[in-house]
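Peer 1: Fit chain to chain and form the complex, with the hints in mind.
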Amino acid sequence: MIALTVTTVPVSWSAIAPEIVLLSCACVLLTCAIFLPQRLAHPVGAAVAAGAFAGAMVAPIAQWHDAPRTAFDDTLRIDAFGNGARLLIFAAGLLAVVVAWGMPHLADRAVEYHALLLAAAAGMSLLAVSNSLVIAFIALELFSIALYVLVAIDVDALPGLEGALKYLVVGSVGAAFLLYGSALVYGATGQFEFDLIAQSIRHGDAHGGVLLLGIAMIIVGLGFKANSAPFHMWTPDAYEGAPTPVTAFMSAATKTVALVLAFRVLVAAFGEDSAIWQDAIGALAVASFAVGNLAALRQANVKRMLAYSTIGHTGFLFTAVAVHTQAAARAMFYYLAIYSLMNIGAFALVAIRERELGRPVLIDDFRGYAYRRPLLALSMVVFMLSLAGLPPMGGFIAKITIWSSAVDVGQTYLAVVGVAATLVGLGYYLKIPFALVDRDVPIPESPYRPAFAVTSATVLATAVAVMVLGIIPGPLLDLAQTASASLIGR
Amino acid sequence: MTVALIALPLVCAVLIGFLPLDRRVSAALGLAAVLAEMVLAAVAIVTFNVGGGSQFVTDRVWIPNLIGGADVHFHVAMDGLSMFMVALTAVGVASAVWTAIRAGRDRLSLYLGLLLLLEASLVTLFTARDLVLFYTGWEVMMIALFVLMGVWGGERRRFATLQFIIYSLAGSLLMLVAIAGLAVEGHSFDLGVLASQGRDSWWMFGAFALAFCIKAPMFPLHGWLPDAYRQSTPEVTALLSGVISKAGAYGLIRFAVPLFPATAYHWRWLFLGLGLAGLLYASLVAFRQPDARGVVAYSSVGQMNLIIIGIFVLGPGGVFSDNGLTGATFQMVNHGIVSLAAFLLIGLVELRTGTDALKSLGGLANRRPVASTVFLLAALFALAVPGSSVFISELYILIGAFGYQPLLGAAASLGIVLAAMYMLRWYSAIAHEGDGERVDATTPDLRISELAVAVPLLLILLVLSAWPFGVMERIG
Numbered sequence: 000m001i002a003l004t005v006t007t008v009p010v011s012w013s014a015i016a017p018e019i020v021l022l023s024c025a026c027v028l029l030t031c032a033i034f035l036p037q038r039l040a041h042p043v044g045a046a047v048a049a050g051a052f053a054g055a056m057v058a059p060i061a062q063w064h065d066a067p068r069t070a071f072d073d074t075l076r077i078d079a080f081g082n083g084a085r086l087l088i089f090a091a092g093l094l095a096v097v098v099a100w101g102m103p104h105l106a107d108r109a110v111e112y113h114a115l116l117l118a119a120a121a122g123m124s125l126l127a128v129s130n131s132l133v134i135a136f137i138a139l140e141l142f143s144i145a146l147y148v149l150v151a152i153d154v155d156a157l158p159g160l161e162g163a164l165k166y167l168v169v170g171s172v173g174a175a176f177l178l179y180g181s182a183l184v185y186g187a188t189g190q191f192e193f194d195l196i197a198q199s200i201r202h203g204d205a206h207g208g209v210l211l212l213g214i215a216m217i218i219v220g221l222g223f224k225a226n227s228a229p230f231h232m233w234t235p236d237a238y239e240g241a242p243t244p245v246t247a248f249m250s251a252a253t254k255t256v257a258l259v260l261a262f263r264v265l266v267a268a269f270g271e272d273s274a275i276w277q278d279a280i281g282a283l284a285v286a287s288f289a290v291g292n293l294a295a296l297r298q299a300n301v302k303r304m305l306a307y308s309t310i311g312h313t314g315f316l317f318t319a320v321a322v323h324t325q326a327a328a329r330a331m332f333y334y335l336a337i338y339s340l341m342n343i344g345a346f347a348l349v350a351i352r353e354r355e356l357g358r359p360v361l362i363d364d365f366r367g368y369a370y371r372r373p374l375l376a377l378s379m380v381v382f383m384l385s386l387a388g389l390p391p392m393g394g395f396i397a398k399i400t401i402w403s404s405a406v407d408v409g410q411t412y413l414a415v416v417g418v419a420a421t422l423v424g425l426g427y428y429l430k431i432p433f434a435l436v437d438r439d440v441p442i443p444e445s446p447y448r449p450a451f452a453v454t455s456a457t458v459l460a461t462a463v464a465v466m467v468l469g470i471i472p473g474p475l476l477d478l479a480q481t482a483s484a485s486l487i488g489r
Numbered sequence: 000m001t002v003a004l005i006a007l008p009l010v011c012a013v014l015i016g017f018l019p020l021d022r023r024v025s026a027a028l029g030l031a032a033v034l035a036e037m038v039l040a041a042v043a044i045v046t047f048n049v050g051g052g053s054q055f056v057t058d059r060v061w062i063p064n065l066i067g068g069a070d071v072h073f074h075v076a077m078d079g080l081s082m083f084m085v086a087l088t089a090v091g092v093a094s095a096v097w098t099a100i101r102a103g104r105d106r107l108s109l110y111l112g113l114l115l116l117l118e119a120s121l122v123t124l125f126t127a128r129d130l131v132l133f134y135t136g137w138e139v140m141m142i143a144l145f146v147l148m149g150v151w152g153g154e155r156r157r158f159a160t161l162q163f164i165i166y167s168l169a170g171s172l173l174m175l176v177a178i179a180g181l182a183v184e185g186h187s188f189d190l191g192v193l194a195s196q197g198r199d200s201w202w203m204f205g206a207f208a209l210a211f212c213i214k215a216p217m218f219p220l221h222g223w224l225p226d227a228y229r230q231s232t233p234e235v236t237a238l239l240s241g242v243i244s245k246a247g248a249y250g251l252i253r254f255a256v257p258l259f260p261a262t263a264y265h266w267r268w269l270f271l272g273l274g275l276a277g278l279l280y281a282s283l284v285a286f287r288q289p290d291a292r293g294v295v296a297y298s299s300v301g302q303m304n305l306i307i308i309g310i311f312v313l314g315p316g317g318v319f320s321d322n323g324l325t326g327a328t329f330q331m332v333n334h335g336i337v338s339l340a341a342f343l344l345i346g347l348v349e350l351r352t353g354t355d356a357l358k359s360l361g362g363l364a365n366r367r368p369v370a371s372t373v374f375l376l377a378a379l380f381a382l383a384v385p386g387s388s389v390f391i392s393e394l395y396i397l398i399g400a401f402g403y404q405p406l407l408g409a410a411a412s413l414g415i416v417l418a419a420m421y422m423l424r425w426y427s428a429i430a431h432e433g434d435g436e437r438v439d440a441t442t443p444d445l446r447i448s449e450l451a452v453a454v455p456l457l458l459i460l461l462v463l464s465a466w467p468f469g470v471m472e473r474i475g
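Protein chains in written order, with numbering that gives the first Met the number 0: chain A, 0 to 489; chain B, 0 to 475.
Just chain B, same shape as in the assembly (with noise of 0.2 Å):
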């Protein structure tokens, strides 16, 4: 199953990028494929056995004795989380693949290609049990996105991508050295023996913590975000903010400190400091953004800081929350189909009125109404309206935070509060108030073809807030 869910957009992006298919047979294959894609996720998420731990296992010897007689394994298996941020994945990318196709970008079959290499390889690194593997799937996954960044994204991509190239890749060439590290002390590459071990080297954990850091992006490593999410085309940006980010969390969660689990509780307060400080600096920022994709961004800033603090808060007995990390995890599929959903609307009003500044927005509501009823939803999810999935797994964060430090919960709160105040302006300059200088009665209403990306969103949305137990008994 999990080797299924690799090979699938693997063998596509190979046969979309090279074949000379004509660009609607590269469309409807691609499309195809990211259906085939969550379809086979559908399936995992049915058939997962609750309370059976890893499953879907698949465990080969790759490289043989690589170094220091650790051999490198190909070793695939799903536990609750792995499978939902591959699920969160397949979402993304058929979103992203459906909205590229609507959108006609240029040199199609070779973006398709790379959108399902970036697939293959994020469903690699989320469900990898060894390093290498690990390695490879998100280094894959750095490659395909400074390609689609660099040569699809806007004026200043350039600029953007380098800087993106250099962030990323401080960070992960050091997790590699740390790789190597593990596996001259550990004499393995295997997650399971490594993490039995128990190790603790301040120098390990941090290279492993500054490469998810940089990716989630935890304050201050967030420089390169603004220009990215702003030079990318608007999937692109979509996927960064809804599953690439999460790869970030997903890294700290399963490899940061279970193979360093006393440094990652002996440096406990630098990720709470830093994260308390970006979830209120971000949100404090995000409020004050000229453009929709700049408060969605800082607002996703401020989202993953708070995963972060669920991460790293403590619950009883000292050791590492369970209410926290439950809610950080439930927090990172729920804020991955938000701002998926977020991204692609802004990117839909790009479309209409070739801009996404605040100023010359506004007035969307005016004959629109079934533009104006999706981004308010978003919104209200966006922001956490109670009974909302996002507001459960906010609050299980919280309830973590607090159980630890009540000064560190009620700080946290107020980063929730700050979000609505945000949302609410973001949605209120979209689409209340007069017409923009770019909005005119002319400007079309949302398309039956593009409610086809956005309704599916927010309806699983709606399941998740509906049956949050659901995903919560599977992540266990």
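Chain A on its own, in the form it takes in the complex (with noise of 0.2 Å):
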């Protein structure tokens, strides 16, 4: 006779608060889709968005200062690194709802707009916390396919329909490499869980060749995800196609919760066999910098621009993977939240000007644009100079905290291959702040009267933000120290 067991799973639900509160808005949102009248779409979907990720970000904060704790039989680590990326996932979800308000063209599509923005935070939300390689898969699907909805979600614009068409056979490669990974650790170690594996490979039970492939494929996947060169070629696409909010949410969140899980995995299941990836990740970095920036150079486009920039930044945010201390793990804290809020500024004074113009935005498009609007052009003068890593804007401070770093281990090539990269970096970032004072465009008449009152308003607290966070960095490294504590010792 055969005994049958089944075993249950302990339930923790605070551990899955934000995923709830998340999830459940969304469906709310897409139920009551059937009965809204248009004109109320964009309204009610915008509201229950932000009021969903305000919820969200309870759990998180309220479990800031617990000690870090596994649930869902080892499945989940709730800890603060994966609670402050939660929180930085919310906050750039709640920036995209205001950026998306008053964005033409998404009145008919309001409500999947912020009920695919509410899934694909969910998913990026279990990814921050997830212990296990199955449970990472999952969450980087679940906000992966989201994202590739919402790329297209204007669905009469052909970048966007390319772009995410490209992002769809290019992530699934990159998802394909991670699940071939996972599959392969697995059998190299039997397990999934993190921890577990790297007991495994304490006990040297690990089978080396499979589990070395395993890792290089894992780094591939995540490399992928990461906007990391050579695996990078869907960003600037991606990036130009979709609209501008997603844009923004995208290459903040994104970049946040793929670093997040690189850092995690990296560390916490190979961390005994750093020897291995560290220069794997170390060479992702250095040909991160000479794509991202060298590419960058050449773009007319404001967001393929970025978009490349992005893909430079990346080698800041691997430099620290690379160095994997407590001290990098804070520094790429910083650095992602500032990352973010820099980032998602920059992409909605694109969207104002886009929708003044009625059309994509170059570089010359904001020639003179200081003498028409100042806060906004004094704004991206902010957001330039921080991504470009100039003091006193946020960005310095983070490149000065990965570097030394960098240094602190001996990995000074790293912090040197920065050096040129944020030489080469100037070369793009202050061709808009020298658009924006050019003086052979002639002063208007009047300013141009006011509009766009709430994303202007975003755009200048995240500019505010980033000047502040880079002049008083203080408090937001000691919350960035508390993150990295919970993960590594040292």
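Calculated directly from the structure, the hints in this document are not laboratory data. There may be inaccurate statements among the hints.
Unchecked claim - Pairs of lysine to any residue, SDA-like flavour, derived with a Cα cap of 25 Å:
1. A:430 - B:433
2. A:430 - A:363
3. B:358 - B:433
4. A:430 - B:153
5. B:358 - B:385
6. A:165 - A:358
7. A:430 - B:106
8. A:165 - A:293
9. A:430 - B:349
10. A:430 - B:222
11. B:358 - B:369
12. A:430 - B:369
13. A:430 - B:154
14. A:430 - B:13
Stated by the list, open to error - Not close to chain A: a few residues of chain B, all C-beta gaps over 10 Å, as computed:
15. 3
16. 19
17. 30
18. 225
19. 364
20. 446
21. 459
It should be emphasised that the depicted structure is a prediction, and the values quoted were computed from it without experimental measurement. Ideal placement from N, C-alpha and C gives every residue a C-beta, glycine not left out.
Peer 2: Structure below.
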């Protein structure tokens, strides 16, 4: 007689509270969409989504100082590292809702936009705390599929469809790598959970060759999601084609979650064997520095330029992963927060200019803009200087903390390559400030009349935040310290 | 006091740059700000306690635990050197602001705002005793300069600005990595703490020295200079040559050498050799320049290289020479004022004739007595006529050089002789001979409002000549 035992996994609602809030709000929205009159679609969608993002933040904030714990039979690890990433994702989502306010062409798909945004954020949130290769893959697919659709949400725009298709095809290849790598790691160690994999490797139970191949494939898969060269080819098209609020969200939240996963899986699961992957990540960082910054020099379209710039920033973030000390994790967290703010702000400004012009925005379209909208132009200067990493902006503190963590462990070459990349980066970041104050454009009789109040306010608020967090980075660095300490001891 | 010196121009920069003020209101506010700054600097000089070391100190924690337990402090203080650099900045920016208002630059509010931002950043970097604070001042200075050069410059301004940006940031970003490395090793960003640890690291010293020597500029890192000096507006060129080049020399004296004394000692011959080569090379090139700006630009390169020689010569006992250093620091003040005057005067000539090509000028002395007198005085100071403050400071450097290596002193003296030759050619080409093709009987003499810049600068030089020890005892 065969005894059937059904093992039930203990449920910890507080561990997945944010995901529950986000997904249930998404479901409510989609159900309501049937009954909602057209003109109410956008306001209701935005209100529910904003409420959901705010509500999702409650649990991570409440659990901030708790000791790390695992849940759902060790498949999730709720720690400040994951919760910090969650907060960044929800903040990015909130900003994406605000930036989309007043966006043309969204009216008849407003509900879907917000529901998909919530679904994507839920997937990212789960990924941020996943402690198992299986959960990580499921969460990755959850947010990726939502993003594929979001990129093409404006179904009348061909660039969006093209970008979405490329993203879908290339993103699926990346996911396949990650999945295959996970399978190989399971084959080598017999485990899916990060800490158990680490245990298995420590005890010498792992099969070396298969494990190596598995790690390599996981790194490739992560490289796709983190916009790392040479796996970046989908980035410019998807970023350019997607509606700008979606681009803003993708650039901030996807980057955050991909880097957090990369750091967590490499440190928690393969930390013992860091010699294997450290140089590989370093090489990806160098490649990203080179490809992103050099290609960005040639771009005329602002969104495309920012897309290549995001590839360049992966170089800095991968520098932190290659270093993988507590100081590096702290620097990476600070970097991600500032990076999300300045990128969303810059894309929001592009969205404003897009609406003014009714077409894609070129760098030349910012010529003389400082004399029309001085405050927005000043915000753009703040974003560009911060992206370039100049003081007193947040991007400067981000860079110096990453570099010092690299110098600290003797990986000075990454800092020096980063310097070269920064230097090249100035070549395109500074184009925009120079265009803004271009004197060859006649001074307009009167400034543009105020418009897009909500988006403009977002731009200003993010610019102030980028600058204040650069001048007074202490509190944010403390939060980053808590987050990093919850993952690694030193 | 120091904080007020930083805050005043910064606040005014924000007000003028961003409030939609009328042109005249902006001009009045800008002028009031720079004059008040000069008064503050003068009060600092008068109340300075001679022999009292660093004064007017403010030290607050700014960013706790930025890297590896090292706190960033908002630590500013003024010793004699800092104070005179601040005073030089105040004088330079004030004359630049007045010149800009008189020349009627377009988008004047933004222009004045940037000049004031430049002033705030310069005062910050001259008074900072914390590496991150210093670096912040250094980069903000560059950003303000990039815009001033790239937006208001001459026809080839874009190329000139790009070149300037690449040179500047190549140096400063490596310096940032060195700062990160210092903090990781020394667990502090404080200049005093780090200097007391006496580090010997060729790459960190190299990164610091590179940033400073590009800015100074030391031969052969001066490639950015000719275009930058020719394409900027006269007042920005005056600031570049008069004040910002001094920031490079100041960095060597304040940071590179004290932080890495052993490394600096070890590499002194590199700096002495390149400094000497630069002094002679630039002096010869200055002699061949076809334009007034070019002559003063290369003369400036030569003088800065002489200052670098003064910093790196050894005195008795195998330590860096007091005579050389005293001469170098005093020469920084003197040359700052001289090149401010020279470039602003060239600007006035350009305003009248639309060119600074020496072949189109000439005959300024006919019917224009005031202008020719002012030019002659400026030229005399620039060529270090005996009795002038410039002569005294150059003498100190040469005494230091002779004391260390007679051959070095002799070779450096050659540079001084060459200076006399090219400055006399410069003056002669502008003032003497017949009227140039762009000069005629209607070309006006200097106006009172223009003298308001030139005369105070020359008066300062006269005061310094009459009472050089007033500066030297404070610099110590």
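Peer 1: Hint by hint, where does the structure go against what was stated? Just the numbers, ascending.
Peer 2: Hint check: 1, 5, 9, 12, 16 fail, others pass.
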